[in-house]
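Hey, can you work out the whole structure from these sequences and the hints?
Read off the chains here:
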Amino acid sequence: MPRIEELPLWLRALLVAYPWRRIAPVPVAALQRPLSDCRVALVTTAGLVPPGAEPFDAHARGGDVSYRVIEAGVSVPRLADHHRSNSFDHSGIAKDRNLALPLDRLRELAAERVIGDVAPRHLSFMGSITAPGRLVGDSAPKAAALLQEDGVDVALLVPV
Amino acid sequence: MLPEVTAKVGPPRALAVPWPLGFPLGAPDDPALQRRVLVAMLELLPRVDVPVLEDFSP
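Protein sequence lines correspond, in order, to chains A and Z.
The first sequence maps to residues 9 to 168 in our numbering.
The second sequence maps to residues 56 to 113 in our numbering.
Worth double-checking, as some hints may not be accurate.
Here are a few chain A residues that face chain Z, going by a calculated C-beta distance under 10 Å [what the hints assert, rightly or not]:
(1) ILE12
(2) TRP18
(3) TRP28
(4) ALA32
(5) VAL36
(6) ALA54
(7) VAL57
(8) ARG86
(9) ARG92
(10) SER95
(11) ILE101
(12) ASP104
(13) LEU114
(14) ARG121
(15) PRO167
Chain A residues, not near chain Z, derived (Cβ > 12 Å throughout) [stated by the list, open to error]:
(16) VAL77
(17) HIS90
(18) HIS91
(19) PRO110
(20) GLY141
(21) LEU154
FYI, nobody ran anything at the bench for these hints, they're computed from the structure.
This one's a predicted model, so the numbers in the text were calculated from it and none came from an experiment.
All C-beta atoms in this analysis are idealised placements derived from N, C-alpha and C, irrespective of residue type, glycine included.
Structure (structure tokens):
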């Protein structure tokens with residue numbers, strides 16, 4: 009399990025000093041139906057971009073708070089890694105994008121009726137957002153509304 | 056993910072995995088392992104005693 013003390017000094021200093029935001033009380037939504045009837049969406053912070061979409065802005069001040077919509081029918085290997093950070097090893101995701109956006113795995117779980125079905129749209133953010141105000145106030149609510157519009161019951165966040 | 060950071064932020068349900076940053080679902084081209092991680096995440100959904108932070112055992 010990765011621990012903060014194992015990271016490079018510059019990253020450790022950033023993480024220790026960063027004013028992490030916490031929502032209180034902790035929001036929680038109970039399952040309204042069996043998992044086998046649930047529509048499931050994926051949300052990644054790996055900065056993956058579908059073919060033809062604009063890359064994330066690696067130089068955006070405070071981080072790029074936008075998101076990309078990934079259609080359920082996309083070919084996962086065609087997603088491009090545009091994450092600007094060198095705080096993590098990108099080599100695993102370079103070999104297999106499912107490591108960050110396990111869409112093929114989700115399709116398999118739907119075929120096995122573990123979940124009800126795969127949401128028509130999934131979301132990709134790029135992490136490294138040091139100034140999250142616009143994320144919290146604007147892009148994240150819009151992203152959530154998109155998933156609600158699609159009737160998503162469960163959103164799984166896969167952070168990198 | 057970093058469990059120390061996750062504990063500070065307190066999302067409702069989180070799974071702590073034993074791999075380095077960049078490998079959230081374990082390993083590339085290992086569908087069986089990736090599936091086990093996803094299923095472990097899904098198994099947290101009935102929990103409402105939030106925040107929940109469980110360790111994944113490979």
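Handout entry: Hint numbers contradicted by this structure
Key = Result: hints 2, 7, 8, 9, 14, 18, 19 break, sorted rising.
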